[in-house]
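Visitor: Here is what each chain is made of, one letter per residue.
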Amino acid sequence: MSEALVRVDGLKKYFPVGGIIFTKGWVKAVDGVTFEIRKGETLGLVGESGCGKTTTGKLILKLLKPTAGKIIFDGRDVTKLRGKALKEFRRQANIVFQDPYSSLDPRMTVFNIIMEPVRIHKIHVDDPEEFVIKLLYEVGLNETHLYRYPHEFSGGQRQRIAIARTLALRPKFMVLDEPTSALDVSVQAQILNLLKDLQRRYGLTYLFISHNLGVVKYMSNRIAVMYLGKLVELAPAKELFENPMHPYTKALLSSIPVPDPELARAKERIKVTGEPPSPINPPSGCRFHPRCPHATEKCRHDEPALKEVGKDHFVACWLYA
Amino acid sequence: MSSEARREPLIEVENLYVYFYTYAGVVKAIEDVSFTIYKGETFCLVGETGCGKTVVSRTLTNIVPPPGRIVKGKVIYHRDGEEVNIIKLSEEELRNIRGKEIAYIIQDPSAALDPLYVVGYQIAETMVDHGTVKDFKEGFGRAVRLLKEVLIPDPERRVKAYPHELSGGMRQRVVISMGLSNEPKLLIADEPTSYLDVTVQAQVLDLLRELKGKKGLTVLLITHDMGVVAEMCERVAVLYAGNIVEVAPVDELFKRPKHPYTVGLLRAVPNPLTEIEKLESIPGTVPNLIKPPSGCRFHPRCPHATEKCRREKPPLIRVGPSHYVRCWLYAGKGEEVSRSE
Amino acid sequence: MAEEVYEKKILDRFSDALIAFLVKIITLFRKDWYRRNRSRVEEWKLMLYALNRSPIGIAGLVLGMSFIIVGIIGPIIAPHSYDFSFIMATGQYKKYFLAPPGTGGALLGTDDLGRDLLSQMLYGARISLVVTALVLPVGIIIGIMLGLIAGYYGGIIDEFIMRVTDMFLAFPGLILALALSAALTDRMALAIANNPYLTGLVSFIFAVKPNDALNMAQTLSIVVALWIVWWPGYARLTRGLTLQAKNNVYVEAARALSMSSVGIMTKHILPNILGSLLVLMTMDVGSVILVEAGLSFLFGAQMKIPDWGAIVQHGSQYLVNGAWWLVMIPGLAILVSVLGWNLFGDALRDILDPRTRRSIEFKVKKVKKTSEEAGEVSK
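Residue numbers (the numbering used here), protein chains in the order written: chain R, 1 to 321; chain X, 322 to 662; chain L, 663 to 1041.
Extracted from the complex, chain R is given alone in its bound form (with noise of 0.2 Å):
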């Protein structure tokens, strides 16, 4: 097993309600969520809107300044991280967004938004053009594009700039925070094989955050899902989908619409009641116990830890102690 290149330990963060003075509550977007990224995998992260996947990106690029906890990257602390240091750390870890029609400045074209990276960490580098273009067929796009703006692409061609540009600072690690699910089927699949190819040439590690499913498993070595705020199963990819310990993991896999009439018709649905309940003030003991169909009295008031019951594989659960 690889060592690893990024450790989050109880990392942790609260948003205030009602302003900064004010505050009326905390929304607790990430609740203490340990797990590591090795060298050279993907890690997947997956959940539903408001778990606290993108926060978690974020929080380990040094976006947002966690509430506690600890992020490794590469044996130093990025919280502590400032100033120099931290604009190496920023070199060496970037993101790619999710709305590629957001995430390029409209009024730029392809060569400056390409360049912005390289003029900010002052690299020397001999002919701009030269190497803008370099990136450019790299991620599949060429010279003719060059001296464009955003809004003469589509979205797909938009993904490949923002990844051209993070990729200008050659970076170790990347964050996808859903890549695309801005986009449409026929090209999602083209940004996803350009990110894999990207990864075997350079030797990059991602963590793959998105809300698909099918995305996810073809994109990752692990998976980590989430819940409100907390990791609730954490296992390979594979041994994740063949068996599900979780009961949300669970629901979550036989929610997703199989794109196969045959095999939607023959799976049987575990059904979930309700929807996710606010972050705010989240249910006692295990977050999902209003929605199990397993829940017990322990559930309501004991949160059970994430725990390795296979190879590999960690599940927070009371149904596994």
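Simulated from the structure, these hints should not be mistaken for laboratory data. Glycine included, each C-beta is placed from N, C-alpha and C at the ideal position. Hints may be right or wrong, so weigh each one.
[As the list claims (entries may be wrong)] Now the in silico label distances, taken between C-beta atoms and shown as ranges:
| # | chain 1 | residue 1 | chain 2 | residue 2 | range |
| --- | --- | --- | --- | --- | --- |
| 1 | X | Glu555 | R | Ala321 | 17 to 27 Å |
| 2 | X | Asp429 | R | Lys80 | 38 to 48 Å |
| 3 | R | His301 | X | Ser643 | 56 to 66 Å |
| 4 | R | Lys307 | X | Ser643 | 47 to 57 Å |
| 5 | X | Ser488 | L | Ile818 | 48 to 58 Å |
| 6 | L | Lys693 | R | Arg200 | 14 to 24 Å |
| 7 | R | Glu308 | X | Pro386 | 52 to 62 Å |
| 8 | L | Gln906 | X | Ser431 | 12 to 22 Å |
| 9 | R | Ala321 | X | Pro386 | 54 to 64 Å |
| 10 | L | Leu936 | R | Leu63 | 36 to 46 Å |
| 11 | R | Lys70 | L | Ile681 | 52 to 62 Å |
| 12 | X | Pro386 | R | Gly83 | 31 to 41 Å |
[Unchecked claim] Okay, derived cross-link-like pairs now, BS3-like style, lysine-lysine, Cα gap no bigger than 30 Å in a straight line:
| # | chain 1 | residue 1 | chain 2 | residue 2 |
| --- | --- | --- | --- | --- |
| 13 | R | Lys87 | R | Lys24 |
| 14 | X | Lys599 | R | Lys134 |
| 15 | R | Lys271 | X | Lys533 |
| 16 | X | Lys612 | L | Lys707 |
| 17 | X | Lys576 | R | Lys238 |
| 18 | R | Lys250 | X | Lys533 |
| 19 | L | Lys929 | R | Lys84 |
| 20 | L | Lys871 | R | Lys172 |
| 21 | X | Lys599 | R | Lys267 |
| 22 | R | Lys134 | L | Lys929 |
| 23 | X | Lys393 | R | Lys267 |
| 24 | X | Lys536 | R | Lys271 |
| 25 | L | Lys707 | L | Lys929 |
| 26 | R | Lys172 | R | Lys311 |
| 27 | X | Lys533 | X | Lys506 |
| 28 | R | Lys267 | X | Lys536 |
| 29 | L | Lys707 | R | Lys122 |
| 30 | R | Lys12 | X | Lys599 |
| 31 | R | Lys271 | X | Lys612 |
| 32 | R | Lys250 | X | Lys535 |
| 33 | X | Lys469 | R | Lys271 |
| 34 | R | Lys65 | R | Lys24 |
| 35 | R | Lys122 | L | Lys929 |
| 36 | X | Lys599 | R | Lys172 |
| 37 | R | Lys196 | X | Lys612 |
| 38 | R | Lys80 | L | Lys929 |
On the provided structure of chain R, position chains X and L as indicated by the hints.
Guide: Chains X and L alone, transformed into the frame defined by chain R:
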């Protein structure tokens, strides 16, 4: 297919052309689209962003937003045995059909509900407008029953709730109940679950299926998600760049897709239940419909494109019972027809 | 297939020529420029085409531009000096006392002292123009800077800046101007009179005689008062726009690349909100003209300078004598200039927004033509 009695057409769209006259040029959003929706079935329009699926649904009650215009074509609506062309109807006659006989469920439930009124009022209003109920008092009573029907817990209390007090899934249920309130002949559901999470999406899809069975509704489902198509529909039309490229019953389409675009689309969706080594993608992007590609609109992205595809528009070919495809690959392998079912 | 070529209007051809000329000039200095900015040039063309299809916008532009042109060359083309009196020159008191428009030599008539109204109007345009040019940039720069800082940093800084802004907004500008004018005018007049460079400068920019330079102190004190009351509007708008713009993911992307706050504000936020600000600036040209005329109307009696507001004020005393032109003509000049800038600003709003620019419905004539062709194609 099955018994002849079931295949009674409700809506027939014939050779529809819709253009958008924008400053940048004329967007040929819909060209030569024909299909039939039979009574009691769930018909699905599937396609990617900008393929024109929403525009098609809007033509069914003639509410194409400007600068769009229906340039040509017919929308025949079988109204109690008599045939009317929706496009030729006056505004007043259309008002009687819209929301009453043909109802919509739109994608974003928060946009469909007015934040200033309680949901009961909004449900009652659609009924009062169309004279289904006498007054708001009766309307509220009916609203409670409707909310119960869409499985909203505690409907007596929820009927007095404002939209912001409900969760996303609840709001979509309210919108569905509004769509059902006048017992429409056709329910058009435009991406009804794409704003919802998977577990909630599954609940709403279950609900729609149940309601359809119970009330014998005819549903036109518009979606981009092949998974939703597989779970919900009986017949499917695949739209690409304003053209219908394939029409088939759902099992047939997934088992024997004919059009290269359909084939590509099915291979590009990662199926979570199967093992995938490498996803196949369709190269290129959706064309600009101001200057659509000549001949077959898919030819620049098609692996089988020939010189003929570049020059001539392919005819619609019947390749099996109820299976139609618009592609030169199948020329001579079936009967050429002017329009599909 | 129907070919989608625009029928270009004459104005469009003129726009093309204008842009081609601009591009030529830029490429004189930077050879590579056109290759790198072809997309931007296309966008410029589209903006001008959109303007060409908005008659109101063009009318506004023409009126606004003529205000600027008259402001610049007015004093040069004026038939007489602003203080020239037909009575003094000809001695014909009866003929030139409140002479109606068209009286020998006086195209727009004369006032009670026999001064030529046309010349006064032309000199007055210069004063209005200079006041606008002095007031707006200062208000805009202060306002934008404070608004950007407040919107970008948020929290306590935002709270502080915006409460100060509210205080200034609550301040009655008119009273402030009156007070300032009382306090400043004399001192400023003294300073202008004592410093020959200042005398020269003031008389040059306002196109008045050096002797009258110190009379401009009144106008200059109005300028100072307007500096104080003009920036809060911009601060507020900029803050609102900044709050919106900073939610764009590209701002976060820049932060993920370690870009500095100042860099983000100047490179990503400001360029993206400038369009909306430009609309306000354009409309504000009209507002400054109006407010300045109003204030000089109030102070008019003491002024010897040909300010439009002062002319109205002076002339209003003779309305009873039937001298309507002394009020109507400067009033009309104010109206037309203000209206022009407002119309242009309104059109600009549509033109600068790339979405509305693209969705402006195309000419109906074109529609019919293509629908016929579509019919042929299907057969």
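Visitor: Where does the structure disagree with the numbered hints, that is, which hint numbers, in rising order?
Guide: Of the numbered hints, 1, 5, 6, 10, 12, 13, 20, 23, 29, 30, 31, 37 do not hold.
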